[in-house]
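Q: Here's the letter readout for the chains.
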Amino acid sequence: MKTKQEDLIRYKDGNLYCELADIWIDPSKPVKKALITHAHFDHFTFGCEEYISTNETAILLKERVGDNIKIKTFDYGEEFKINGINISFHPSGHILGSSQIRFIFAQEKWLITGDFKLQKDKTCKQYEIVKTDYLISECTFGLPIFKWDETSVIANDISKWITNSPEKTSLLFCYSLGKAQRLLNEISLTNFKGNIYSHGSIYKMNNCYKDLGIDIKDTIKINNKKKIDELKGSLILLPPSLSKGSYLKNFKNIQTAFASGWMSISALRKRSGYDKGFVISDHADWDGILEVVKKSEAKNVFFQHGDSEALSKYLVETESINVLFFGK
Amino acid sequence: MSLKKFSELFGDLDSINSTNNKIEVLKSYFLSNEPIDNSWAIYLLTGKSNKRYINGRYLKNLFSQIYEYPQWLIDTCYLKVGDSAEVITLLLKNKTTSKNKKLSNISLSELLSKTIPNLSKLNKEEKNLKIKNIWEKLPEENHLIFNKILTGTFRVGVSIGLITKSISKLINIDEEIISYRLMGNFKPSIDSYEFLINKNINLEDLNSRPFPFLLANNFEDKVFKHSINDFQFEWKYDGIRLQLIKRLGNISLWTRGQELVNESFPELVEKMSYIKDDFVLDGELLVWNFKEQIAFDFSFLQKRMNRKSPTKSIQIKYPIIFIAYDLLEINGRDIREIKLENRRIDLEKYFSEWQNKTENNITDIIRICDLIYPKDWSDALTFKEKSRENNTEGLIIKKKNSIYTSGRKKGIWWKYKVDPMQLDAVLIYAKGGSGRRAGLYTDYSFALWKDQELIKFASAYSGLTNIEIKELDKWIRKNTIEKFGPVRSLKPEMVFEISFEKIKISKRHKSGIAVRFPRITKWRKDKKINDADSLDNAYELMKKIS
Chain A
255 MKTKQEDLIR YKDGNLYCEL ADIWIDPSKP VKKALITHAH FDHFTFGCEE
305 YISTNETAIL LKERVGDNIK IKTFDYGEEF KINGINISFH PSGHILGSSQ
355 IRFIFAQEKW LITGDFKLQK DKTCKQYEIV KTDYLISECT FGLPIFKWDE
405 TSVIANDISK WITNSPEKTS LLFCYSLGKA QRLLNEISLT NFKGNIYSHG
455 SIYKMNNCYK DLGIDIKDTI KINNKKKIDE LKGSLILLPP SLSKGSYLKN
505 FKNIQTAFAS GWMSISALRK RSGYDKGFVI SDHADWDGIL EVVKKSEAKN
555 VFFQHGDSEA LSKYLVETES INVLFFGK
Chain B
64 MSLKKFSELF GDLDSINSTN NKIEVLKSYF LSNEPIDNSW AIYLLTGKSN
114 KRYINGRYLK NLFSQIYEYP QWLIDTCYLK VGDSAEVITL LLKNKTTSKN
164 KKLSNISLSE LLSKTIPNLS KLNKEEKNLK IKNIWEKLPE ENHLIFNKIL
214 TGTFRVGVSI GLITKSISKL INIDEEIISY RLMGNFKPSI DSYEFLINKN
264 INLEDLNSRP FPFLLANNFE DKVFKHSIND FQFEWKYDGI RLQLIKRLGN
314 ISLWTRGQEL VNESFPELVE KMSYIKDDFV LDGELLVWNF KEQIAFDFSF
364 LQKRMNRKSP TKSIQIKYPI IFIAYDLLEI NGRDIREIKL ENRRIDLEKY
414 FSEWQNKTEN NITDIIRICD LIYPKDWSDA LTFKEKSREN NTEGLIIKKK
464 NSIYTSGRKK GIWWKYKVDP MQLDAVLIYA KGGSGRRAGL YTDYSFALWK
514 DQELIKFASA YSGLTNIEIK ELDKWIRKNT IEKFGPVRSL KPEMVFEISF
564 EKIKISKRHK SGIAVRFPRI TKWRKDKKIN DADSLDNAYE LMKKIS
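So the sequence lines, in the order shown, correspond to chains A and B.
Sequential numbering of the first sequence, starting at 255, is according to our numbering.
Sequential numbering of the second sequence, starting at 64, is according to our numbering.
Derived by calculation from the structure, the hints in this document are not laboratory data.
One or more of the hints may lead you astray.
[Claimed, not checked] So these bits of chain B aren't anywhere near chain A, every CB distance computed over 10 Å:
id : residue
1  : Lys156
2  : Ile291
3  : Lys412
4  : Phe414
5  : Pro483
6  : Gln485
7  : Arg499
8  : Gly502
[Claimed, not checked] Calculated cross-link-like contacts (lysine to aspartate or glutamate; reagent style EDC-like; alpha-carbon spacing at most 16 Å):
id : chain 1 : residue 1 : chain 2 : residue 2
9  : A       : Lys524    : B       : Asp77
10 : B       : Lys546    : A       : Asp411
11 : B       : Lys68     : A       : Asp411
12 : B       : Lys143    : A       : Asp411
Beta carbons: idealized from backbone N, C-alpha and C, even for Gly.
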């Protein structure tokens with residue numbers, strides 16, 4: 255195994271760091287230079303002197319946190335140099351603007367997948383297979399019990415769920431950036447033709463997607479003064495943070511659901527307290543991770559985000575792939 | 064189509080939280096399916112079928128063999144999911160490549176009455192091959208049901224009461240009557256379903272109905288103002304509250320939860336049949352220690368209740384008695400409007416007749432409760448404190464001139480429970496839960512100080528809220544010292560108040576003591592581990608009690 259000093263990218267203070275370029279990837283605390291893979295808040299922190307991301311990620315971020323940040327943007331595939339290291343963004347299929355980041359230095363290639371999925375999603379660019387020597391992959395769902403259905407199957411389940419209870423108001427909880435827009439796009443293709451409402455935080459992101467040229471079904475912004483009767487039989491998209499607490503008291507006769515990959519496991523589904531769980535994720539499932547590991551042709555693989563013990567052992571035993579671990 | 068529909072029903076019942084919604088879903092299922100399939104559905108949902116054709120380990124091995132899957136990987140997945148049938152179902156996804164889903168139209172009744180029972184007639188190779196074959200031919204959405212029935216783990220979040228309620232709403236007939244019809248050897252068939260939903264009520268149906276139970280309130284200090292002579296005092300037994308009903312030869316035993324439990328206590332039913340009078344008795348069922356003439360722990364009763372129909376050896380191992388404390392009806396005459404003190408006179412009179420005039424001895428397992436006669440309220444408190452000695456929970460204090468009303472009406476019956484014993488202990492081990500608690504650390508072990516060492520003294524898994532469980536789970540993952548299989552040893556840092564009912568010397572435990580019903584009653588975040596109690600404190604507590 256290589257020693258820490260030799261690695262182009264390593265773990266430092268809980269974040270990925272490239273020492274030669276003095277640049278951090280999705281840092282969780284303020285630094286000088288930060289590469290941002292995508293606009294979810296768990297990948298972004300305030301106070302960095304400079305951010306670098308794709309154009310879409312920059313626009314989404316500014317919409318969420320304001321213009322008061324300095325972001326340099328690059329297109330997918332466009333190479334830029336920092337301290338002699340070639341860096342480029344490549345689509346990761348997670349949400350609009352999300353990217354993998356490739357580093358090339360002295361003919362050695364490193365690839366950080368960021369959050370990614372292989373499934374088709376019309377609201378963002380499809381994951382691009384990028385060949386690399388070193389792969390740093392996410393493994394949020396790194397167990398074979400996680401296998402996603404076609405998105406259209408889940409969208410039809412959601413449609414049925416709503417139309418089977420016409421006297422109820424259906425509340426679907428999902429992340430406001432990415433998942434919500436993907437769901438809207440897919441649900442518009444199903445038999446459900448009723449009204450769709452979205453919470454302010456989601457409504458804002460919908461508009462942002464539209465501005466960036468993505469086809470998103472029109473929704474009505476929900477406000478607390480809506481007549482309860484007119485919400486009957488309709489769908490309301492809400493962020494998960496509103497599932498507990500007093501917000502739900504604004505509605506009557508509701509059914510609730512949560513859209514997440516974790517809903518595959520019935521124990522988690524029951525504990526979550528929602529009436530129903532729809533298994534749909536913007537992360538790769540087990541087969542997706544394996545496919546990326548193989549197609550990247552990486553000789554060495556690291557994992558981050560998630561419990562990688564089983565996945566690593568599996569790759570070593572059955573695929574003879576060299577799995578490395580970051581020194582702490 | 065019906066297996067598919069049953070799979071959907073199972074999915075709905077499993078995910079819906081609201082009781083009313085569950086009832087609606089059940090009603091519409093019963094309305095839209097064949098009687099024979101409804102009959103099998105009820106059989107499954109009421110847990111009458113829990114035969115295990117193969118165990119979870121076998122299922123996992125078989126999957127590993129057929130699909131050349133590493134056993135350790137299946138085991139890792141199991142830790143996340145907590146259920147063998149579900150793990151294999153999730154892993155089977157996209158594995159069965161056969162396009163020919165021949166079994167997609169199999170009915171629930173065919174699967175349960177033919178396909179699965181036939182597996183038992185095969186030898187091991189044939190059986191494995193057949194299971195693989197069914198996996199291949201069955202549409203994926205039915206795998207879960209199949210695997211669960213196969214491993215005898217089919218359970219769903221509905222009680223018998225809920226099934227009863229939905230059938231009752233379906234045909235507009237009282238729940239008690241449906242309960243009575245569901246009782247006994249419910250064999251799935253068209254006839255048994257038709258009998259269940261018959262809108263004509265017969266006399267036998269009516270005779271089985273229990274009275275609404277009168278419930279006790281927690282004791283309030285204002286009762287002290289009343290004269291002690293206004294009240295009747297009894298021990299508060301920790302068993303199962305039952306109404307024993309015998310009317311025109313029909314016998315029914317009802318729990319407070321509207322459950323008919325004749326099958327669980329056949330020896331009691333037999334003794335009741337020897338009594339010449341008709342009656343309705345209210346009282347407590349206990350597993351009895353005949354040697355010391357006190358009740359065994361409630362846990363014994365649970366062990367006994369685990370079996371739907373107990374074998375002779377279970378009946379001997381966990382012998383029961385029924386202690387009657389009220390007579391509500393005698394030979395067709397409803398006497399609930401008579402004052403308690405007079406009902407008590409009747410109870411004693413009839414009981415002594417049964418004792419003397421019944422040919423078979425019935426008083427070995429049917430008794431009436433002894434009364435306690437405290438001189439004044441402070442004497443009553445002394446009795447209360449003594450209740451641990453005879454394995455009771457405290458006192459029941461009943462107003463002598465009260466009538467038997469329904470529900471928890473204040474001022475009629477009071478329960479005055481003895482306080483639990485408590486120690487503050489340090490969390491030292493955690494173990495993963497299973498089922499609903501899979502993937503969370505929910506089984507905890509606690510320790511007390513002995514000099515500078517922490518010695519384990521109790522394990523507990525109940526008492527924390529779901530939010531606390533999640534919070535503690537997070538802490539456990541960050542503060543693990545070592546993992547041994549599913550168990551983690553933890554940094555001693557967290558102090559909890561542990562309550563329990565009894566403490567005694569035990570040579571089997573390193574701590575030298577054993578406690579009964581330990582449970583977490585408070586997360587003492589305000590305490591450091593040095594504030595936790597020592598084993599010496601535990602010994603003192605023990606001395607004080609005895």
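Q: Evaluate each hint against the coordinates.
A: Evaluation of the provided hints:
A beta-carbon of chain A comes within 10 Å of the beta-carbon of B/Lys156; the shortest separation is about 5 Å. With a minimum CB-CB distance of about 48 Å to chain A, B/Ile291 clears the 10 Å threshold, and the non-interface call stands. The non-interface label for B/Lys412 is consistent with chain A: the shortest C-beta to C-beta separation is roughly 53 Å, beyond 10 Å. Distance to chain A confirms B/Phe414 as a non-interface residue, since its nearest Cβ pair spans about 48 Å, more than 10 Å.
Look at B/Pro483: its CB is around 28 Å from the nearest CB on chain A, clear of 10 Å, so calling it non-interface holds up. Listed as a non-interface residue, B/Gln485 keeps its Cβ farther than 10 Å from every Cβ of chain A; the least gap is roughly 29 Å. Not every beta carbon of chain A lies more than 10 Å from that of B/Arg499, the smallest distance being close to 5 Å; the non-interface claim is violated. Taking the minimum C-beta to C-beta distance to chain A, about 6 Å, the non-interface status of B/Gly502 is violated against the 10 Å cut.
With a CA separation close to 8 Å, the supplied pair A/Lys524 and B/Asp77 stays within the 16 Å bound. A hinted pair counts as satisfied when its Cα atoms are at most 16 Å apart, and B/Lys546 with A/Asp411 does not qualify at roughly 41 Å. With a CA separation close to 15 Å, the supplied pair B/Lys68 and A/Asp411 stays within the 16 Å bound. About 25 Å separates the Cα atoms of B/Lys143 and A/Asp411, which puts this hinted pair outside 16 Å; it is violated.
Against the hints set out earlier in the document, violations occur for numbers 1, 7, 8, 10 and 12.
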